[in-house]
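2 protein chains.
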Amino acid sequence: MEIQDLLRDLHTKNNSKIIMLVADGLGGLPMEPGGPTELEAADTPNLDDLAKRGVQGGSVPVLPGITPGSGPGHLGLFGYDPLKYPIGRGALEATGVGFELTDRDVAIRCNFCTLDADGNIADRRAGRIPTEESAPLAISLRDIKIPGIEIFVEPVKEHRFVVVFRGEGLGGNVLDTDPQQTGVPPLEPVATHDDSNRTVEIAKEFLAQAGRMLADQPKANFHTMRGFAVKPDLPSYEEAYGLKAAAVAVYPMYKGLARLVGMDIVGTPQTLSEQADLVKEHFSDYDFFFVHFKYTDSTGEDGNFDARVKKMEEFDALVPKFAALDPTVLIVTGDHSTPAYLKSHSWHTVPTLIVSDCCRTDACQAFSETETLRGGLGQFEAKYLMSLALANAGRLGKFGA
Amino acid sequence: MEIQDLLRDLHTKNNSKIIMLVADGLGGLPMEPGGPTELEAADTPNLDDLAKRGVQGGSVPVLPGITPGSGPGHLGLFGYDPLKYPIGRGALEATGVGFELTDRDVAIRCNFCTLDADGNIADRRAGRIPTEESAPLAISLRDIKIPGIEIFVEPVKEHRFVVVFRGEGLGGNVLDTDPQQTGVPPLEPVATHDDSNRTVEIAKEFLAQAGRMLADQPKANFHTMRGFAVKPDLPSYEEAYGLKAAAVAVYPMYKGLARLVGMDIVGTPQTLSEQADLVKEHFSDYDFFFVHFKYTDSTGEDGNFDARVKKMEEFDALVPKFAALDPTVLIVTGDHSTPAYLKSHSWHTVPTLIVSDCCRTDACQAFSETETLRGGLGQFEAKYLMSLALANAGRLGKFGA
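As given, the protein sequences belong to chains A and P, one line each in that order.
Using our numbering, read the first sequence as starting at 1 and increasing by one per residue.
Using our numbering, read the second sequence as starting at 1001 and increasing by one per residue.
The set of hints was computed from the structure by calculation and includes no laboratory data.
Owing to the predicted nature of the structure, the values given are computational and were not obtained by experimental measurement.
Keep in mind that the hints are not guaranteed to be accurate.
What the hints assert, rightly or not - A partial selection of chain P residues facing chain A, derived with a Cβ cut-off under 10 Å:
id, residue
1, I1139
2, A1363
3, A1366
4, G1400
Every residue, glycine too, gets a C-beta built ideally from N, C-alpha and C.
Work out the full structure, taking the sequences as your base and the hints as a guide.
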C-alpha cells in the first residue's frame, strides 16, 4: 500500500491551516572544499529561529542520486510518488505556459525547424529563431482548422511552441516526429497504442496544413512534434487529503503543477510579499497554501553563488510575514537542490523544516544542509512530506485499532 | 519503478572514472561495551583524511536486520536489489570456485555422504572427509558420460563439490536430494516445474553412475545434490549504467560475482598493492573499477579482533595508491559487517564513503561506525550506492522536466 492510499483512508478534517513554503532549488553545495553552501552563507535569522522551534530533515526528491525536473520535484512535495505519476513532456510544457489541460486534451511540444529543398531537416531548431519572430508564426497556426477538434497553439520561446488538440478519443501514445538528426526528413507520427490512432490522423492533418502555411518562411518552414501527452490523472488534494488547497505562485509552471492536483490558483502576485498578502487575505478560505519562490533556483542555474545567497536572504526576510499568520503547520522546503557550483538541478537532499506545536523539536540551531544532518526528520523521501504535514495538523486518524 | 529501471533510462556517458573499494565485512562491533569497533581501533589516517573530504553514510546491505551472504551483499553494492535477483546456491558455489556459468548451465552443490549397508545415510558429510581425499574423488566423477550433455565437476572443500550440467532445456527447479537427516535414504531429485524435467533425468543418471563409481569408498560412497540453479539473469553494467566495468579481485568468488554483472576480470593480482597497479594500468580502458579486499572479512570470521584491526590498517595504507589516480568518484564500502565479536557476517550498517567534487561533504572527521551516524548520506539501502556513484560522476540525466 502506498502512503497516499493510506492517507485517503486516514485523513480527517479540522480547522487547522498548513502553509508550505517552497524555495525552488533550495539545497546547495560549497564552491570550494570546506566552504559554506548558499543557505549557510546567507544570513537567515528568521529561518534559523524557526529551525530552533521546528524539526528539520533532508528531503530526498525522488530516490538517492536521482535529480528531478520541476514536475517530479513538486509532485513529490505534494505527496505524489513521482515514479508512479509521470507527467508527459507535452503536458508539462502546456502547464508551464499556463495552459489549463482538460481530460479531453492531448498536448504536444513542437519545434520549428528548417527543411531544405529536398524536404530534409537542415536545422532542427530553425536557427534558434528568436521569440519575436517565432511567436507570431506560432499564433498564425491557430488558423488551422480540423473538423471535430479544438486546436490551441501557444508560443513558448525561440523555436518552441505547444499545440493542444481537444476532442474525444485522443490518446497520447504517439512517437516523436523529430528524427533527432539533420539531413533526413521529419518522421510521420506513429501511434504506439490503438487509443491514439485518432491523435495520429489529426497530427498528420495539422502538419500538412502547417507545412503549407509555413512553406515560404526563410527559417521556420516546418515543425516537429514531440512528447505527446494527455493530462496526468492525479487524485486531487481534496480526494487525497481532504484539503481545500490554494496555490500562490508567480510563475505559470508552478501554478500549472498545483492545478494538476486540484489546487485553486489564487491571485496574480509578482513578489513574495504579495504572496504573503494573498495567503493572509484568503486564510479563512483554504486549509492548505502552497507558496512558490522561484529565485533560489534561477540564480543557481546561472551559477551565481552570491546572487543565490541574496535570494536566500530575501526569502528569509519574508518568512515572518507567513509565520505571523500562525498556521498550525508551517513547512519550509525545496523541490530539489540547484547548487550554483553545478549550475543545474541536483540529487542532493533538500533542507526541510516543519514547525508545529507537536513536531518534536530537535537540537538544530540553524536551517542549513549541515544542521539538517542532525535533524529529527532524518532523511526521507519527499513523498512523505504530506503525511507528516497532515499528522502535525492533527488531520490523520489512527491506522488500525 | 525500481531504481535500476530509472538508471537505465537516465544514464549518460562521459569521461569520468569511478573506483569502488570494497573491504569485505568492513563494519564491526566493540568486543566490550564502550569499546571501539575494529575500524575505530585501527589507525587509518588515509581513510580519515578521505572522510574529511567526502560524504559518509551507513549502507544497509539488504533491509534492516538482514544479514547477507557474499552474493546478495555484493549484488546490493553493484546496484541490484538482492531481493529481486536471488542467486541460486548452486550458481553461487560454481561462481565461488571460478567456474564461468553460461545460459545453458545448471549448477548443483554436491556433498559426499556415507551410505550404510541398507542404503540409508549414515553420515551426511562423509565424516567431513579431508580435501586431499575428496578432491581426487570429485575429479574422478568427470568420467561420467551422459549423451547430449557436457558435465563439469569441480572440487570445493572437504565433502563439498560442484557439478554443472551444460545442454539445452535444463531448468534449475529441482528439489534437494539431501533429506537433512541420517538413517534414511537420499531423496530422488524431483522437478518443481516442467522446465526442469530433463535436469531431473540427467541428475538421476549422474547419481546412478556416481553411485557405482564410489561404491567401494570407505567414507564417500555416495553424494547428495542441493541448490540446483541456473545462471541468474542480471542486466550487465553496460546495459544498466552504461559503464565499462573491470573487477580487480584476488578470490574467485568475487571475480565470479563481478562476471555475473558483465564486468571484465582484470589480471591475477595476489595483493591489494598489485590490485592498485592493475587499476592504474587499465585506468584508461574502463569507466568503473571494483576492487575487492578479502581479509577484513576472514579475520572477522575467525573472531580475531586484533588481526582484523591490522587488516584495516593494511587496507588503509594502500588507499592512497587508488586515490592518487584521482578518480572522479572514489567509494569505500563493504558488502556487510563481519564483527570479530560475532565471528560471522552481520546485519549492521556498513560505513560507506563517497568522495567527489560535488559530494556535499559532511562534518565527519574520521571513517568509522560512530562518525557515520552524522554523515551526509544518512542510512541508505546498498542498492542505491550505484545511483549515488553515477550522480557524483555526472553520468545521470534529469528525471522529468
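Status of each hint after checking the structure:
1. I1139: Check failed: Cβ of I1139 of chain P comes no nearer than 47 Å to chain A, outside 10 Å.
2. A1363: Since the shortest Cβ distance to chain A is 6 Å, the answer is holds.
3. A1366: violated, 16 Å
4. G1400: Cβ of G1400 of chain P sits 4 Å from chain A, so the hint holds.
Of the numbered hints given earlier, the model fails hints 1, 3; all others are met.
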